[in-house]
Amino acid sequence: MEEEKRFTTSGIEIPVVVDQDSRDGSELGHPGDYPYTRGVYKNMYRGRLWTMRQYAGFGTAEETNHRFRYLLENGQTGLSVAFDLATQIGYDSDSTMALGEVGRTGVAIDSLADMETLFDKIPLGKVSTSMTINATAVALLAMYIAVAKKQGVAQDKISGTIQNDILKEFIARGTYIYPPEPSMRLITDIFAYARDNLPKFNTISISGYHIREAGASAAQEVAFTLSNARAYVEAALKAGLEIDSFAPRLSFFFASHNNLLEEVAKFRAARRIWAKLMKEHFKAQNPKSLLLRFHTQTGGSTLTAQQPENNIVRTTIQALAAVLGGTQSLHTNSFDEALGLPTERSAEIALRTQQIIGYESGVVDSADPLGGSYYIEYLTDEIEKRVLEIMKDIENMGGSVKGVETGYFKHEIAKSAYLFQRMIEKDEMIVVGVNRFKDKEEPMEEILKVDPHLEEEQVKRLKELRKNRDNRRVGKCLKELDKVARSNDNIVYPVLEAVECYTTLGEISNCLRDIWGEYHEVL
405 MEEEKRFTTS
415 GIEIPVVVDQ
425 DSRDGSELGH
435 PGDYPYTRGV
445 YKNMYRGRLW
455 TMRQYAGFGT
465 AEETNHRFRY
475 LLENGQTGLS
485 VAFDLATQIG
495 YDSDSTMALG
505 EVGRTGVAID
515 SLADMETLFD
525 KIPLGKVSTS
535 MTINATAVAL
545 LAMYIAVAKK
555 QGVAQDKISG
565 TIQNDILKEF
575 IARGTYIYPP
585 EPSMRLITDI
595 FAYARDNLPK
605 FNTISISGYH
615 IREAGASAAQ
625 EVAFTLSNAR
635 AYVEAALKAG
645 LEIDSFAPRL
655 SFFFASHNNL
665 LEEVAKFRAA
675 RRIWAKLMKE
685 HFKAQNPKSL
695 LLRFHTQTGG
705 STLTAQQPEN
715 NIVRTTIQAL
725 AAVLGGTQSL
735 HTNSFDEALG
745 LPTERSAEIA
755 LRTQQIIGYE
765 SGVVDSADPL
775 GGSYYIEYLT
785 DEIEKRVLEI
795 MKDIENMGGS
805 VKGVETGYFK
815 HEIAKSAYLF
825 QRMIEKDEMI
835 VVGVNRFKDK
845 EEPMEEILKV
855 DPHLEEEQVK
865 RLKELRKNRD
875 NRRVGKCLKE
885 LDKVARSNDN
895 IVYPVLEAVE
905 CYTTLGEISN
915 CLRDIWGEYH
925 EVL
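Per my numbering, numbering of the sequence shown is gapless, rising by one per residue and ending at 927.
For the record, the hints were derived by calculation from the structure and aren't laboratory data. Quick caveat: nothing in here was measured; it's all calculated off a predicted structure.
Each pair of labels, with its calculated beta carbon distance range:
(1) Thr708 with Pro527: 37 to 47 Å
(2) Pro527 with Lys796: 43 to 53 Å
(3) Asp437 with Phe686: 12 to 22 Å
(4) Pro856 with Gly433: 51 to 61 Å
(5) Pro603 with Lys806: 30 to 40 Å
Pairs of lysine to aspartate or glutamate residues, derived as DMTMM-like cross-links and limited to a Cα-Cα distance of at most 20 Å, are as follows:
(6) Lys692 with Asp560
(7) Lys692 with Asp648
(8) Lys842 with Glu713
(9) Lys806 with Glu922
(10) Lys642 with Asp600
(11) Lys806 with Glu585
(12) Lys604 with Asp560
(13) Lys680 with Glu793
(14) Lys680 with Asp797
(15) Lys680 with Asp785
(16) Lys814 with Glu925
(17) Lys789 with Glu799
(18) Lys789 with Asp423
(19) Lys806 with Glu638
(20) Lys844 with Glu713
(21) Lys814 with Asp797
(22) Lys561 with Asp600
(23) Lys883 with Asp893
(24) Lys806 with Glu793
(25) Lys525 with Glu467
(26) Lys819 with Asp831
(27) Lys871 with Glu860
(28) Lys864 with Glu520
(29) Lys642 with Glu799
(30) Lys796 with Glu638
(31) Lys887 with Glu585
(32) Lys554 with Glu904
(33) Lys642 with Glu585
(34) Lys864 with Asp498
(35) Lys680 with Glu638
(36) Lys680 with Glu646
(37) Lys819 with Glu925
(38) Lys883 with Glu904
We put the beta carbon where it would ideally sit given N, CA and C, even for glycine.
Can you make the complete structure from the sequences, with help from the hints?
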C-alpha cells in the first residue's frame with residue numbers, strides 16, 4: 405500500500421523519516437551567534453524568562469486598570485494594551501462613527517485623562533508596556549510619554565513597544581486612516597524621535613500575527629512580514645536616518661499555531677533571514693541591528709466556540725512552540741475568546757499556562773533544545789527557501805507598498821485561507837470538536853460582556869473634559885500641528901504638546917485627516 409503524503413501548512417512535504425542526508429548540511433552555529441538561527445542570546449531563558457505579556461483592554465480606562473493590576477499581582481511581567489475600534493481609527497467616543505463600539509474590543513482612550521487613569525498606580529519606570537496601535541500610534545505614544553512625565557519618569561527610562569505597523573493594516577487588519585505615503589511618514593518620524601529620546605522603547609512591532617490570522621500560511625506570514633520590515637527600513641533610510649540609529653529598536657510580532665514543529669522552525673528561519681538581510685543587503689554594522697527580537701501571540705483563529713475548554717490544550721501547544729522557537733515575550737489566549745472577552749478566570753488560566761511552561765516543563769534549561777534535530781533543521785531550511793522565493797516576488801513587483809496597491813497580499817491570503825477551510829470541510833484536516841469528536845454542547849456559564857452604559861459614562865466624561873480644559877491652548881496646538889504636518893518637520897513634537905493640554909485623539913486625527921485625507925481600499 406502506497407504511503408499517504410503529508411504536508412505542513414506551508415506545503416512542505418513531510419518525509420516519514422528525516423535524516424542528515426535530507427538537509428543541505430549548513431552549519432548551525434550556537435545560540436547568540438550570527439545568523440542567530442538558534443536564538444538571539446547565548447543562554448536564552450537560563451538568564452531570564454521571556455516577558456509574560458497578557459493582552460488586555462475593555463470598557464473604560466478604570467476597568468482595564470483593574471485588570472492590569474490583577475494580572476501584575478498574579479505574576480505577569482509586562483503589560484499589553486488592547487484599544488477599542490474607535491481609538492484605533494481616530495474617533496472620539498462621542499463621534500457618530502464610534503456609536504456602539506466604545507470599549508467593545510478594547511479600552512476607550514479619548515485623551516491624556518483616560519491614559520492617566522489607565523496607568524494609575526502602575527509605575528511606568530518599572531513596567532514595560534506594549535500597545536497594539538497603528539494608525540493613531542503617534543498620539544498614543546505621546547500620551548504614554550506624558551503619563552510617565554507626570555509620574556516623574558524620564559523618557560529615556562520608559563520601555564515597551566508600539567505596534568506602529570501600518571502596512572499590515574492595509575494588508576490584513578483594516579484599521580488604517582491615512583493613505584500609505586503620509587502613514588509611512590508618521591512611522592519614520594517616530595523612528596527619528598525615538599532615536600533621540602526613547603533609547604529603551606521599541607518603535608515598531610512589525611506584525612505577521614494579523615497576516616497569519618487572516619489566513620496566510622506559516623511561510624507567507626514570515627515572507628510578508630519581513631518584506632514589510634524591508635519597506636520600513638528603506639523608508640527610514642530615504643528619510644535620512646542611519647541604519648544603526650534605528651534598526652536595534654525594530655521588533656517583530658508573530659502568531660503561533662497548532663503545528664508545533666513547523667512553528668518552531670518558522671521562528672528559526674525568520675531570525676536567519678532577517679540577520680542576513682540586515683548584514684548583507686543593508687550593511688548594518690551594529691550586531692544589535694541584526695537581531696530579530698519578537699513577541700508571540702497564540703492563534704486566536706485556531707480557537708473554537710465548540711468545546712471551548714479544548715482551547716487550553718491548543719494554547720499550551722502554541723505557547724510551547726513559541727518558547728522552543730525562542731520568543732522574547734508571549735501572550736497566551738484565553739480559552740473563552742471565541743465566545744467573548746476573557747473573564748478574569750480564563751485570563752488567569754492563560755497566564756498560568758506560561759508560568760507552568762517556564763517553571764515546570766524544563767524546556768528553558770537549555771538554549772535551543774531542539775537544535776540539531778534532523779526534522780527541525782529540514783523544516784527550517786524548507787521554510788527559508790519558500791520565504792525567500794515569496795520575498796523575491798514582492799521585490800520584483802516593487803516592494804510591499806506596491807503589493808498593497810495592487811491587492812497582491814489580499815489575494816494571496818484569501819487563496820490560502822480558502823484552501824485551509826476546504827481542508828477542514830473535506831475532513832482532510834481534523835479540528836477536534838468541530839469536524840470530529842463532536843458532542844452535545846453545554847453553554848458557557850460565564851461570558852464577559854461590556855456594560856452598554858459604560859459608553860454613556862465615557863461620553864459624559866469626554867464632554868466634561870472639553871468644557872474644563874484650556875481650549876485656547878488646544879486651538880494653538882492644533883494650529884501648530886497643522887503647520888508641521890504640511891512641512892517636513894518631525895510631527896511627534898507638536899502631537900506631544902497637543903496631548904499634554906488634553907487635545908483629544910479625535911481632534912488630532914481629524915486635523916491630519918483634513919490635510920492628508922483618508923485611504924479607501926480599491927476593490
